[in-house]
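Using the sequences and the accompanying hints, generate a full structural model.
First to last, the protein sequences are chains B and H.
In terms of my numbering, the first sequence opens at residue 242 and continues consecutively.
In terms of my numbering, the second sequence opens at residue -10 and continues consecutively.
It should be emphasised that the hints constitute simulated quantities derived from the structure, not laboratory data.
Please read these numbers as outputs of a predicted model, since none were measured by experiment.
Just so it is clear, CB atoms sit at the ideal spot from N, CA and C, and this is done for glycine as well.
Among the hints, erroneous ones may be present.
As the list claims (entries may be wrong) - As a list, the in silico DMTMM-like pairs of lysine to aspartate or glutamate whose alpha-carbon atoms are at most 20 Å apart:
1. B/254 <-> H/430
2. H/313 <-> H/341
3. H/313 <-> H/151
4. B/607 <-> B/678
5. H/344 <-> B/416
6. B/590 <-> H/49
7. B/590 <-> H/20
8. B/564 <-> H/44
9. B/254 <-> H/363
10. B/607 <-> H/20
11. B/590 <-> H/291
12. H/390 <-> H/400
13. B/590 <-> H/430
14. H/179 <-> B/265
15. B/474 <-> B/495
16. B/474 <-> B/527
17. B/254 <-> B/265
Said to hold, decoys possible - Chain B is faced by these chain H residues, among others (derived, beta-carbon under 8 Å):
18. 17
19. 47
20. 84
21. 133
22. 313
23. 315
24. 399
In case you want the letters, here they are:
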Amino acid sequence: MHRYLAGDEDRRKILAAVGAASVEELFASIPAELRCGPLELPPARSEEEVRQEFWRLAGRNLAPDCTACFMGAGVYRHLTPALADALIQRGEFFTAYTPYQPEVSQGTLQAIFEFQTFVCQLTGMEIANASLYDGATAAVEAVLMAHRILPARRRVVLAGALHPEHVAVLTTYCEPQGIAVHRVPPGAGGRVDREALAAAVAEDVAAVVVQSPNALGVVEDLAAVAAAARAVKAMAVQVVCEATSLGLLTPGGELGFDVVCGDLQAFGIPPAFGGPHLGFFATRQEYLRQLPGRLCGETVDVDGRPGFVLTLSTREQHIRRAKATSNICTNHGLMALYVTIVLSLLGKKGVREVAMASHATAEYLKATLGSPGSGVTLAYPDSPTYNEFLVVYPEPDELLRRLAGEGVLGGVSTTRWGGALPRGILIAATERNTRGECDRLLDGIRRLA
Amino acid sequence: MNGARGRARREGVIFERSSPGRVGYQLPPLEVPPVEVTRTLAGVALRGEIEELPEVSEVDVLRHFHRLSQLNYSVDEGLYPLGSCTMKYNPRLNEELARLPGLAQLHPLQPEEQVQGALELMWELEQALVAITGMARVTLQPAAGAHGELTGMLMVRAACLDRNSPRSTVLIPDSAHGTNPATAVFAGFKVVEIASTSAGTLDLHALARHLEGGDVAALMVTVPNTLGVFEPEIARAAAMLHERGAFLYIDGANLNAFVGIAQPGAMGADVMHINLHKTFSTPHGGGGPGAGPVAVSQALVEYLPVPTVERTGDRLTLSYDRPKSIGKVRGFYGNFGMLVRALAYIRSLGRDGLKAMAEGAVLNANYIRKGLEEDYHLPYPGSSLHEVVFDDSRQAAHGVKNVDIAKRLLDYGFHPPTMSFPLIVHGALMIEPTESDGVEELDAFIAAMRQIAQECRENPELVRGAPYTTPVRRLDEVRAARSPVLRWRRNPR
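Structure (structure tokens):
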């Protein structure tokens, strides 16, 4: 028998106990015409054989950790503390399920409570849920919540440069709900065009969504966007793809926004070719009962001992079914635990220091790339950026290929999104990029561009 | 879980451990010139340090989360028979492989030539899931089962519109999981519930009646259903739906019961999501991340989300060339880390091991059924596969409800069964042991359940007051909902 399963003697005992002559008998309820023959799959393999196959697959990839990597565009390489991964590998955490039985799930529940607290602190908001899938679906949930709160309004305005993946996912979800997606392209500096935004918003708009820092790396004028939303009593939504920016930039929660949501991957979650990452969602107390996803709250047990439970579940699918605030069931609990641990390790000083170091490193690159003879041009030299910026270059994929040949992953080409973003390269820096790596990138661009 | 120690010592929240000057990290020295943010970010609203964030050392963090972990019950500790959740063993090899730098550190926007291995892995997983389900193709993009459901129903919707046959109704049996109706609504449909037959299965007469109007886009049905009962007429139902231009959605939550035995493709399914965190052992993680790939029949292939992975010889590509695609349902390509684990599991078990897995799940569930049927009432006595649903009607005669039985089970060191559904069983105890354990563990569970049944007869008060030995006892959920405290504050209001 296979190493993950019980043995032949177990089978004999069970068959004897249930009075069946064969295992086959237990499947008698499945009609013969629906049965299949042996699956077209390889036979069982030993641990060592499986390991060899996956080493081969991993070996066909270029792991950015072996190179100088300046890729971002929604997925960032920040520090990954050894302790965070060690702790989430405790079986008590990762082999448990959603804490339906709070008496034996206080570890998971308290971690969620701490996570909700961290998200509120980062976003300047009053309440936060227990996590969502990723940044794109978090933006979707914000729009759907706005639509629940303002059901007569059937339009959502996307202000300025949103991540193209987010726009694609929003479009997928909004269409069946009858919500029209109205895009207001960024203005000259890569920022929201205030006049165009003012012209686009009206009383039929449920939400104004802005990403900051935006998909071009530019830090948005959040107060202006909030004011534009407020003028028509629409919900103002900030999406954050680079969450470490919250260590430096004032969050929407302190600038009149109704929702701050996005992805917390930047706090050390490995890129993992796109997932699992960690969606988050924070809003104001008044929208508590419209919130999507799970919530953990504090309470006491029959002996008066403090403890935690999943709460306000009357919003959720397992109670409300067709009337639920979201169809979401499970969330990204283990990733939330991971980020809770990272944020604990970083703490008050570290959250700030990571943001400052990332910003300073990007500014170092910008200073050189913005000078004559650098080989490229800054797309928005006069606009504020956090740790990512766009350089204009006619053949970005070719330049990146040449840089990769020298062991430098120089950024993300915008050509993959068609004309959604100006043609060039998004370059992101974090505290993990050394000055030596930066200089290799700068030197490479100067020679190869 | 170490209940005794947990009760002796409460672990406060991490913020309460804070002490000025402690840090749990160190960055490399900053070699680039420092910047003056009031200059580089002139005109931007900036914040200082976030005062409420904790200041703790690395050891503080270790102790805190280690202690929290000890308050949890987990699959590693013992039987976790939560029905429909398939809480099986999570092999450690899969964890090791998902962390290989050549997989875990890949950026999703690296050029294709740098990520051929990742794309090959996705291709191989799709091929394996096609082999298992007998369907035409699979998207790996959805991040969870419910997300897969939505993706599937969006494809159904797109197909109806594409055929110039817009439809607004989705049929769902009353035994369904709550995500099914919620999903249908978020995909833009209205839900009509179908009452199950007295055997707990799909009522074909009711199905025929509902199909008459021509407004039905799909039937969403779980196979085997939430009672663990195989739908004997599933192929007939598929034919009836197809005749009316409607689709069959099979909820794959219970796929663990029949891998290698039968294929949804042969049942006539048009679309089915697969919970990798159930059947294919990716860890439940205390509530995600999961992964919910969706398998489709040829009829829905052109509506799959983009991108798909395509293979030409040795060369793998991400293709966006799918004009009728529903688009994207999340960023990038899915929970790749979960895909790695699932493929490792499929490779480890292989053709025969996967079938033996399903057999083991069904054997174990029937063993528990046999062991408990004298003490607990079986509302639907037909044969069942990987899970068995009892109810609490015998115990209710002594004033004990399913939730009391569940809490008492905690004192005996087991996680309780599922109780929140199926809604057609009042006081449900839905037990799914999975294939992971041998008879000793099952015997211990049966003995505990029988002991509780005896307590219900002889000392129901004892059961109603349970649990007694857990880190906390029954929690006041009404208080939690009535005056919600959802975050820590230094100075509570």
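Okay, the hints, checked on the actual structure:
Distance restraint check for residue 254 of chain B and residue 430 of chain H: the Cα-Cα separation of roughly 13 Å lies within the 20 Å cut-off, and the hinted pair is therefore satisfied. Of the pairs offered as hints, the one joining residue 313 of chain H and residue 341 of chain H is violated, with about 38 Å between alpha carbons and a cut-off of 20 Å exceeded. With a C-alpha separation of about 8 Å, the suggested pairing of residue 313 of chain H with residue 151 of chain H holds against the 20 Å cut-off. With a C-alpha separation of about 14 Å, the suggested pair residue 607 of chain B and residue 678 of chain B falls inside the 20 Å cut-off, and the hint holds.
For the hint pairing residue 344 of chain H with residue 416 of chain B, the CA-to-CA distance comes to about 41 Å; that exceeds 20 Å, so the pair is violated. The suggested pairing of residue 590 of chain B with residue 49 of chain H holds, with an alpha-carbon distance near 16 Å, which does not exceed 20 Å. Among the hinted pairs, residue 590 of chain B with residue 20 of chain H is consistent with the structure: their alpha-carbon atoms are about 19 Å apart, no more than 20 Å. Only pairs whose Cα atoms come within 20 Å are accepted, and residue 564 of chain B paired with residue 44 of chain H is rejected, the gap being roughly 42 Å.
Under the criterion of a C-alpha separation no larger than 20 Å, the hint pairing residue 254 of chain B with residue 363 of chain H is consistent with the structure, at around 19 Å. In summary, the hint linking residue 607 of chain B to residue 20 of chain H is supported, as the alpha carbons are separated by about 15 Å, within the 20 Å threshold. This hinted pair does not check out: residue 590 of chain B and residue 291 of chain H have alpha carbons roughly 51 Å apart, beyond 20 Å. The straight-line distance between the Cα atoms of residue 390 of chain H and residue 400 of chain H is roughly 16 Å, inside the 20 Å bound, and the hint therefore holds.
Distance restraint check for residue 590 of chain B and residue 430 of chain H: the Cα-Cα separation of roughly 49 Å exceeds the 20 Å cut-off, and the hinted pair is therefore not satisfied. Restraint check: the Cα-Cα separation between residue 179 of chain H and residue 265 of chain B comes to about 40 Å, which exceeds 20 Å; the hinted pair is violated. In summary, the hint linking residue 474 of chain B to residue 495 of chain B is supported, as the alpha carbons are separated by about 18 Å, within the 20 Å threshold. Taking the CA atoms of residue 474 of chain B and residue 527 of chain B, the gap is near 15 Å; set against the 20 Å cutoff, the hint holds.
Only pairs whose Cα atoms come within 20 Å are accepted, and residue 254 of chain B paired with residue 265 of chain B is accepted, the gap being roughly 15 Å. Satisfaction of the interface hint for residue 17 of chain H is found here, the shortest Cβ-Cβ separation to chain B being roughly 7 Å, below the 8 Å cut-off. Against a cut-off of 8 Å between C-beta atoms, the interface hint on residue 47 of chain H holds, since the closest Cβ of chain B lies about 6 Å away. Hint status for residue 84 of chain H: holds, given a least beta-carbon distance of 6 Å to chain B, under 8 Å.
For residue 133 of chain H, the interface hint holds, since its Cβ comes within 8 Å of a Cβ in chain B; the closest pair sits about 5 Å apart. A hinted interface residue such as residue 313 of chain H counts as satisfied when its beta carbon comes closer than 8 Å to some beta carbon of chain B; here the least separation is about 13 Å, so the hint is violated. Hint status for residue 315 of chain H relative to chain B: holds, with the closest Cβ pair at about 6 Å, below 8 Å. The interface hint given for residue 399 of chain H is met, as the beta carbon of that residue sits about 6 Å from the closest beta carbon of chain B, less than 8 Å.
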